[in-house]
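Novice: Residue numbers (UniProt numbering), protein chains in the order written: chain E, 1 to 113; chain D, 1 to 139; chain U, 1 to 206.
I should point out that these hints are in silico values taken from the structure, not numbers from a laboratory. Where hints are given, some of them may not hold.
What the hints assert, rightly or not - Here are the computed lysine-lysine pairs in the DSSO-like style, where the Cα-Cα straight-line distance is at most 27 Å:
hint, chain 1, residue 1, chain 2, residue 2
1, D, LYS4, D, LYS86
2, U, LYS75, U, LYS143
3, E, LYS37, D, LYS95
4, D, LYS54, D, LYS95
5, U, LYS181, D, LYS112
6, E, LYS37, U, LYS197
7, U, LYS197, E, LYS55
8, U, LYS169, U, LYS79
9, E, LYS37, E, LYS11
10, E, LYS64, U, LYS75
11, D, LYS118, U, LYS197
12, U, LYS143, D, LYS118
13, E, LYS60, E, LYS76
Said to hold, decoys possible - Some residues of chain U that are not near chain D, with every Cβ distance over 12 Å (derived):
hint, residue
14, LYS10
15, ALA106
16, ARG110
Keep in mind it's a predicted model, so treat the numbers as computed, not measured. A virtual CB, placed ideally from N, CA and C, is assigned to each residue, including glycine.
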Amino acid sequence: MAKEPVRLYCKGLVLGYRRSQRRQHPQQARVQIEGVKTRQDTVFYAGKRVAYVYKAKTEKHTRKGTLTRHRCIWGKIIGAHGNTGVVRVKFARNIPPSAFGKRVRVMLYPSNI
Amino acid sequence: MAFKRFVEVGRICLISYGRLSNQLCVIVDVMDQNHVIIDAADGSPVQRQVINLKRLNLTDLVVKLPRGCKSKTVHKVMAQEDVEAKFAATAWGRKIARQRLRAGLNDFDRFKVMVARKRRSYLIGQELGALRKERSGGA
Amino acid sequence: MTCRDTRNAKKQAASRAGVRRRPEYPTEYVRRPLPTGAKRRAQRQVTRLRPSLVPGTVVILLAGRFRGCRVVFLKQLPKSGLLLVSGPLVLNGVPLRRVNQAYVIATSTRVDVSEVDVTAIDDAWFTAGAAKQRAARRLQQKKRQAEAGEMDVDKPSEGRPPEKIALQKQVDNALLVSIKKETLLKEYLQSRFSLTKGQYPHQMKF
Numbered sequence: 001m002a003k004e005p006v007r008l009y010c011k012g013l014v015l016g017y018r019r020s021q022r023r024q025h026p027q028q029a030r031v032q033i034e035g036v037k038t039r040q041d042t043v044f045y046a047g048k049r050v051a052y053v054y055k056a057k058t059e060k061h062t063r064k065g066t067l068t069r070h071r072c073i074w075g076k077i078i079g080a081h082g083n084t085g086v087v088r089v090k091f092a093r094n095i096p097p098s099a100f101g102k103r104v105r106v107m108l109y110p111s112n113i
Numbered sequence: 001m002a003f004k005r006f007v008e009v010g011r012i013c014l015i016s017y018g019r020l021s022n023q024l025c026v027i028v029d030v031m032d033q034n035h036v037i038i039d040a041a042d043g044s045p046v047q048r049q050v051i052n053l054k055r056l057n058l059t060d061l062v063v064k065l066p067r068g069c070k071s072k073t074v075h076k077v078m079a080q081e082d083v084e085a086k087f088a089a090t091a092w093g094r095k096i097a098r099q100r101l102r103a104g105l106n107d108f109d110r111f112k113v114m115v116a117r118k119r120r121s122y123l124i125g126q127e128l129g130a131l132r133k134e135r136s137g138g139a
Numbered sequence: 001m002t003c004r005d006t007r008n009a010k011k012q013a014a015s016r017a018g019v020r021r022r023p024e025y026p027t028e029y030v031r032r033p034l035p036t037g038a039k040r041r042a043q044r045q046v047t048r049l050r051p052s053l054v055p056g057t058v059v060i061l062l063a064g065r066f067r068g069c070r071v072v073f074l075k076q077l078p079k080s081g082l083l084l085v086s087g088p089l090v091l092n093g094v095p096l097r098r099v100n101q102a103y104v105i106a107t108s109t110r111v112d113v114s115e116v117d118v119t120a121i122d123d124a125w126f127t128a129g130a131a132k133q134r135a136a137r138r139l140q141q142k143k144r145q146a147e148a149g150e151m152d153v154d155k156p157s158e159g160r161p162p163e164k165i166a167l168q169k170q171v172d173n174a175l176l177v178s179i180k181k182e183t184l185l186k187e188y189l190q191s192r193f194s195l196t197k198g199q200y201p202h203q204m205k206f
């Protein structure tokens with residue numbers, strides 16, 4: 001796939017699930033967004049859509065009818081996690097642990113600017 | 001070259017941390033190894049306070065102040081010495097002013113800057129090309 | 001006998017004797033059905049727009065085919081509440097189009113749109129003939145499949161009815177007059193928005 005001409009998303013990093021010392025909450029993933037350093041900064045990103053785009057072995061049909069190896073799990077930012085700008089994201093399907101340490105795209109919509 | 005930027009009464013500093021970062025202030029008294037009392041010019045958001053030296057950046061500017069003087073005196077001296085303008089004239093001051101300006105630009109302004117930058121590098125490239133040609137022609 | 005048993009026994013005795021029980025809950029409450037979707041929409045009238053969205057605002061499209069394009073917001077469509085935008089088409093290829101306000105960034109740049117007449121455009125303007133277009137497209141697709149290999153993907157534009165093209169031109173011309181008044185504004189609308197390294201939207205002003 002050719003690189004998109006414009007980047008309209010922020011780069012995010014999947015840190016892991018929301019968890020305590022002995023418990024995990026795979027329904028919620030923690031994501032660090034580039035340049036977001038404080039809890040106040042995360043307010044801007046609340047509710048924004050997140051896409052985990054990855055490549056798989058098997059080709060699947062897209063809506064257009066073409067075949068592609070790329071797949072995507074969509075999610076939504078549901079709030080801040082701690083005070084250092086990390087956010088919690090709920091994905092439509094729980095994100096696999098293989099996604100930890102991987103890039104996600106934090107979209108600019110739904111926009112409120 | 002001897003070291004000249006000392007922590008001393010009357011030293012003009014920049015706050016480097018938090019809400020007041022990039023604000024000018026002046027040292028009024030030195031508490032201990034790590035802490036000083038600062039004050040600022042009239043109308044500045046900086047209030048007289050004790051601050052950790054880790055949160056201060058020292059500038060080259062110094063004003064004459066009696067140690068531990070009142071805010072009123074500080075305001076007077078800062079206005080007299082025109083510290084703000086003096087700092088704004090330094091390279092550091094200009095840099096901060098530029099950063100502030102850039103941060104306040106809207107999307108259209110950013111586009112205009114981009115166009116101007118392109119134009120500049122085009123002109124530089126042309127000039128450079130001409131010089132190169134000249135040189136290789138001469139050699 | 002527990003307390004509750006006593007109470008039940010008393011109740012039973014009362015009903016046997018034909019004494020009406022005092023109602024335990026007030027009966028004045030009249031069930032009124034909640035307004036359904038369409039009705040509620042009618043009540044609400046118009047979707048409220050963000051204050052930053054004023055006719056003439058240059059907006060950045062965030063998703064879809066034209067993502068990243070800077071276009072001019074002309075007016076809000078009363079029925080659907082969507083934004084009517086135009087590229088203008090001659091500048092960046094974005095036609096008169098409806099977009100949801102959630103998918104745009106409103107910039108602080110404004111274009112004078114007082115001379116632009118878009119009264120003729122409403123939601124129906126977009127949907128009229130849509131079915132026909134869709135059928136035509138499908139037909140074309142079939143044809144393409146039959147030909148297999150000869151790809152001409154960008155053909156559907158030929159199905160655009162002439163009156164729409166005319167209106168687009170009229171709107172664009174009016175827009176261009178005010179766009180040309182400001183230096184670089186034309187180039188600005190022609191360019192695409194993109195985030196670059198070190199640009200964080202929460203710190204940026206638009």
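Novice: Now look at each hint and say whether the structure bears it out.
Specialist: Structure-based check of all given hints:
1. Of the pairs offered as hints, the one joining D:LYS4 and D:LYS86 holds, with about 18 Å between alpha carbons and a cut-off of 27 Å not exceeded.
2. Straight-line distance between C-alpha atoms of U:LYS75 and U:LYS143 comes to about 38 Å, which puts the hinted pair past the 27 Å bound.
3. With a C-alpha separation of about 23 Å, the suggested pair E:LYS37 and D:LYS95 falls inside the 27 Å cut-off, and the hint holds.
4. The hinted pair formed by D:LYS54 and D:LYS95 meets the criterion: a straight-line CA distance of about 21 Å does not exceed 27 Å.
5. For a cut-off of 27 Å, the pair hint linking U:LYS181 to D:LYS112 stands: about 15 Å separates their Cα positions.
6. Annotation: proposed proximity of E:LYS37 to U:LYS197 holds, straight-line Cα distance about 16 Å (limit 27 Å).
7. The hinted pair formed by U:LYS197 and E:LYS55 meets the criterion: a straight-line CA distance of about 24 Å does not exceed 27 Å.
8. With a C-alpha separation of about 24 Å, the suggested pairing of U:LYS169 with U:LYS79 holds against the 27 Å cut-off.
9. Only pairs whose Cα atoms come within 27 Å are accepted, and E:LYS37 paired with E:LYS11 is accepted, the gap being roughly 14 Å.
10. Among the hinted pairs, E:LYS64 with U:LYS75 is inconsistent with the structure: their alpha-carbon atoms are about 32 Å apart, more than 27 Å.
11. Pair hint D:LYS118 plus U:LYS197 holds up; C-alpha atoms about 18 Å apart against a cutoff of 27 Å.
12. The hinted pair formed by U:LYS143 and D:LYS118 fails the criterion: a straight-line CA distance of about 47 Å is larger than 27 Å.
13. The straight-line distance between the Cα atoms of E:LYS60 and E:LYS76 is roughly 24 Å, inside the 27 Å bound, and the hint therefore holds.
14. Its beta-carbon lying about 70 Å from the closest one in chain D, U:LYS10 satisfies the requirement of being farther than 12 Å from that chain.
15. Distance check on U:ALA106: its Cβ comes as close as 10 Å (rounded) to a Cβ of chain D, failing to clear the 12 Å threshold; non-interface status is violated.
16. Against chain D, the non-interface label of U:ARG110 is violated: not every CB pair exceeds 12 Å, the least being about 10 Å.
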